[in-house]
Each structure stands twice: as C-alpha cells, then as structure tokens.
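Enquirer: Keeping their order, the protein sequence lines are chains F and A. With the UniProt record's numbering, the residue at position 255 of the first sequence is 255, and numbering never jumps. With the UniProt record's numbering, the residue at position 307 of the second sequence is 307, and numbering never jumps.
FYI, nobody ran anything at the bench for these hints, they're computed from the structure. Don't take each hint at face value.
27 Å max Cα-Cα, derived DSS-like pairs, lysine-lysine [stated by the list, open to error]:
#, chain 1, residue 1, chain 2, residue 2
1, A, Lys281, A, Lys2
2, A, Lys97, A, Lys59
3, F, Lys168, A, Lys217
4, F, Lys168, A, Lys97
5, A, Lys86, A, Lys386
6, F, Lys134, F, Lys34
7, A, Lys281, F, Lys134
8, F, Lys62, F, Lys168
9, A, Lys147, A, Lys97
Keep in mind the model is a prediction, meaning the values are calculated, not measured.
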Amino acid sequence: MWPGVALHVVSGKGGTGKTTVAAALALALAHQGKRTLLMEVEDRQGIAQLFDTPPLPYEERKIAVAPGGGEVWALAINAQEALLDYLDIFYNLRRAGSVLRRMGAIDFATTIAPGLRDVLLTGKACEVVRRIDKRAPNAYSAIVLDAPPTGRIARFLNVNSEVSGLAKVGPIRNHADLVMSVISSPRTAVHLVTLLEEMPVQETADGVAELRAAHLPVGGIFVNMTRQPMLTGEQLQEARSGTLPAEIIEQCLNEAGLGDSGGAIVSTLLREANEHALRVDLEARESERIVELGLPTFFLPLISEGIDLGGLYELANLLREAGVR
Amino acid sequence: MKLNAPVLEIDELLGDMSITIIVCTGAGGVGKTTTAAALALRAAEQGRDVCVLTIDPAKRLAQAMGLSVLDNTPRRVEGVCGPDGKGSLHAMMLDMKRTFDEVVEGNADPERAQAILENPFYQALSSSFAGTQEYMAMEKLGQLRAKADEDGSWDLIIVDTPPSRSALDFLDAPERLGSFLDGRFIRILTAPARGAGRGIGKIAAFSFGLFTSVLNKILGSQVLADVGSFVAAIDTTFGGFRERADATYTLLQAAGTSFVVIAAPERDALREAAFFVERLKTDSMPLAGLVLNRVQEGNELNLSAEQATASAERLEKLENLGAHERLTAALLRLHANRQRIYTRQLHLAERFTAAHPGVAATTVPALPEDVHDISGLREIGDLLAKRREP
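For reference, chain F alone in the conformation it holds in the complex (with noise of 0.2 Å):
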C-alpha cells in the first residue's frame, strides 16, 4: 500500500482519534528495522499524552519500538520555533529571532499573517522529506503528520493559495511553491479518519471532494472505533424487531447462576440489543457510504477499555496485517 508514498498527513473530524491512527500507522510502518516519524502541529501535545511521555521539545526523539526492530521518532513543531529554524536554514538568521520576537514580528508571522503560520508548519514537514531524497544518514523511512481536522486540512495543505493571496512574487512564495511541490506531488498522501457515523462520514465525504478540488493526493479512509456484531444475523434481527425470547433468557440466566429477579436483567439485556442491532444498522449504512468513496479503507475496531499503549500496537498491528507497509 502506497509504495513511494514519504509524507503521510493524518486528518480527521474532531473526536475521531486522529492522533491514535496517526501512531498506529507510525508504527505500523516502522516495522521490520524502519525508522518513522511521527509529528504534530497543533501545539496539542497529543502524542506525548498517548505515548505517556513528557511533553514533546521542538526536538525529534525516539518514543517507541516496533516490531523487528523498527522505531517510531516524534516531533512537536510549532510555528514560531519553524520560523527561526527556516530563517536558519536558508538564510542564516537564527541569532536575529530575538531582535524580530521583541518587535512583534515572530507574532505577526506565526499568528497573524495569514497562510504564513501553515506555510511553516508543512514546511518544516517538507524538510524532513527532502533528508529522505537527499539519502542523508538521519533520513526516516517515512513521516506521519497528525494534522488539523478535517474542516481545516485543505486550506492547511494548500499552502500555495493561502500564500498567494498575500505574495504573488517573493522567498515566501518560493518557499510555499517548494513545500507545494512536495504536497501535491505523489511522494504525499492524504489520510481521513472518520467514525460510523452520519457527521464524521458526510464530513470525510466532503473533506475528500475538497482535496481533490485542490489537487492535493488522498490516500486512505481510517474508519476508527467500529463495533464487531456481537449478535448473528438472525439474532439481530428479532433483536430490532423485539422478538428475542426473554422468558428463555431468563431461564438461561438461571443456569448461568444469575437469578433475575423481577425480570431487570432481561429487560435490560434486551435494551441493549436492541440498541445494538440499530447502532450495527447505522454502521452499514454509513459503510457503504464510505465505501462508495473508492478509496483504500481500513476499519480499526473500538477498544472498549480505551486506548493505551498495547492498543496501539494492536491497532498498529491491524494495519499491517490489512498490506500497510
């Protein structure tokens, strides 16, 4: 799966566990001896939380072992410690920040100029993916980008017109054509992660149409905390139906050595697969929807105690086991 592929950019609706996919795929493709990075942009310190480590430094650091041998790097970026780096990068200007951060200007370029602060942030992601095709010796295998939600991914991407509206000719506009050329070309994909569930869906619906209307490569759906049928077709069925034998329940309670007095366990029982059969309902539905999007899927179950370290690696496994390499 999406072989040449360098930069993987992670987005999703809010409240989809983008940062838990960006990690399951950052380690799923470390294995077999492969060093990934993984990075965040939003000044979240969400990897850090996940990962149950200090909080990130504007610094790349080893944060996990995979499987074979591999590691998964991480790196928090924000836009003003991006905006000396760059100014140190091309023009040997590190020892001006103070100057230009007492004036206002590192405030101005990372907060207020519009386009600019995303122009860093993607840069700085660029930047590790040019040490790949220059083979040099602290080259990653790949780079996972957890990026703004979905309602914002297009605009964050799409650098070039953001910049251009501000500069038509100029270092910015050369900067933001470099980091373009990178984005939009195949070396990049673009991931959403959604839920089965009607907003989540009609969103990545939506955010995919968006990236193709700006050219911008889209990789995969990532359909997070899908819930296995826990009941057969047929039971299902009189499930919705409110058909399921509760006098035979209970009778069965019995020889499971729960006594159900009154009948509470019963009903509820029969509550809850009622609503069961409606939720596995809703998540066909939205599935077909999703499928008919025609992009590469991968559904990652719900892992009902929450996700910690070992669910990221069967999370990360999952993935592996459905051809992400």
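Given chain F, put chain A in place with the hints provided.
Expert: This is chain A only, laid out in the frame that chain F set:
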C-alpha cells in the same frame, strides 16, 4: 450517567432572565453547535426571545433550523414559540469575511473602505487567519447585543464558538489580533510613512534595519508594502481594534453572561474543558457548568462487566450448549462490553469532577442518530434538562 457533581439545572439557567448571553465552548467534535441550538430552542419554547449564533453548523443541523442561506443576519425559525405564544427563535451562521467587511464599511468613508477592502493583506486576513473567526464571532456577538439593547429583539443570545485548535482561542484570539493591529510592530512598519523614524537611537536604528531586512527576506517587500498601506488606511479611519476587542471581552465578564463548557467523555475533550474552566476562574467569568455529551449509559443493573463475562463463560461451557444459551451468552458479552465503556467514561468524568468539585454538570447519552429536525433538537433539550429518560 450519575456524576459526583452538583446538577447543572438547564431550565433554571434558561429561565434566569438576568442571563442574556450564554457562550457554548469546548473542544472540536463534542457537539457544541448542536448543544447551542438545543439550548436556544428550549429557551424559546419556554418563552424567551432567543438568537443563536452558530459558527459552522453541519448541513443537516442548519437545515433543521431552516438556515439555508448564509447571509450573516439572524433569521426567524418558523413555528417556534412558547406555551402562551411568547418566545421566539432566531438563528444565524457567522460569515466571517462579511462581518469584517461590514466593520470596515461601517467605520470608514466609502473611498477608504474601498481601499481597505481591495488591499491584498486585508483580503487574506479577513478570509483565512485562524483568529479572525474568533474575533468576528466576538464582533458579531457585540452587534447582536447592541441590537438587543436598542430594540429588544432578543433577551437571550446563545453563541457557539469556532472550532479552534484550543477552546481558549475564543478568548485569546481577538486580543491577539487587536494588539497586533494596534501594536508596536505595526507602528514600526508604518513609521516611515508618518515620518516618525527620525530621532531613534543608533541601537534602535540597527535593530530596525535588521528587522526590516529580515522581514523583506521572509515576506518580500510587496507584502510589507501591503501590510503598511492596510494599516495606514485603517489607522486614519478607525483605530482601536484593541478597544473593540476589549469591549466585547468585558461583555463576557459581565453578570449577564454565562459559559457552558461542553465535552465528551474522552481524555482530550475533558482536558480541554478543564483548561477552560480554570481559565474562566482566573478571568472571573461566570461558568454555568459542564455538559457531557455522548455518554454511554450503564450500571442501572449492578451487573458488572466481570460478572457478565463470567456468566457468559459459564453458559458457553455447558455440555448441552444450545442456541438459546449461545444467545444469552452473547447478550451478556454485549452487556459486559457496554459496561467497560461506561466504566472508562465514568472514570474520566470523575477525574474531572474530582479536580473541579464545584462545577455543576449534566450528561446527554450517546444517541444513535444525528439531529435532522426541530423535534430532534427538542429531544436533546429534554435530555439536557433531564426531563426525559434516554
């Protein structure tokens, strides 16, 4: 879900005539807009004249409120009123660019306004800067409030907040933009135009030279020229962006305002809610309480996940295992799964309530489907006010 926290009495909040602004805030994806709309509908049906300002509603929700046009003015939602014909609901979607344009047009003479509107920097600023949405949401809130004071159109305004990186952005971004536009950086950029560059000391001159040369390197001279002429144009017509932002900020601190913090029972969303609650305290802004959306109901039975699993196993080990035993075992496992989710969510919620003991809270169960119409919103209102069982 029964939380160890005082109950957030939604009907008391909505019925309190001294409260004229309710701000709904929280992390992205927790159901802010839906909650804002449900609160607004409920208040209107209890006889208040309500205007709800939504930022980026899902298409379905917008349609549910009859908002097919995005024209930046409140539209009456037909057929909504209270028991004795009192009460009304207006709804609008924020159009950030248009709001900004209107601020410009309302404060500058036509010629200057035109110059500002055509400035490339202004165009980029008004349509894409991440903080502009927050600033304009505040601006619009100020306008709605002014209109209410003037002609009594509304006695309650409910505001949804933009889907920012952080919920705190709603409070911070206007100030950031305001202080930038009124700030030192802008003074420096426009200094030559005002002839104010003379007389600065050698060191300052050196810094200034370095500064402009670096900026030229980063941005190119054309951008700086655009920024300069933009600033010069707004400065001569209506300074005081910061005062504008400050005025609305003060409004948020006033007694008639109340904040509702919205979260889902997930680590990130609750952490965001905690940040916000702490911030409100620091800035002495009034917090009504926490709405915890999408909770898994459970534990009515006192049958734990472990018990249910053990019983399922016992059934599955029976020698004469038949279809009914299998069915019962499956139902028990289903219950165990739900209980596990419930327990995890309760644990997360309790971490919040333990850390913020005084904060009132209410929960809304996870609903199988999204809101499509007014009756769906009404149902959420009932659940919020605990007037209906899930």
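Enquirer: Run the structure past the numbered hints and jot down the numbers of the failing ones, going up.
Expert: 7, 8
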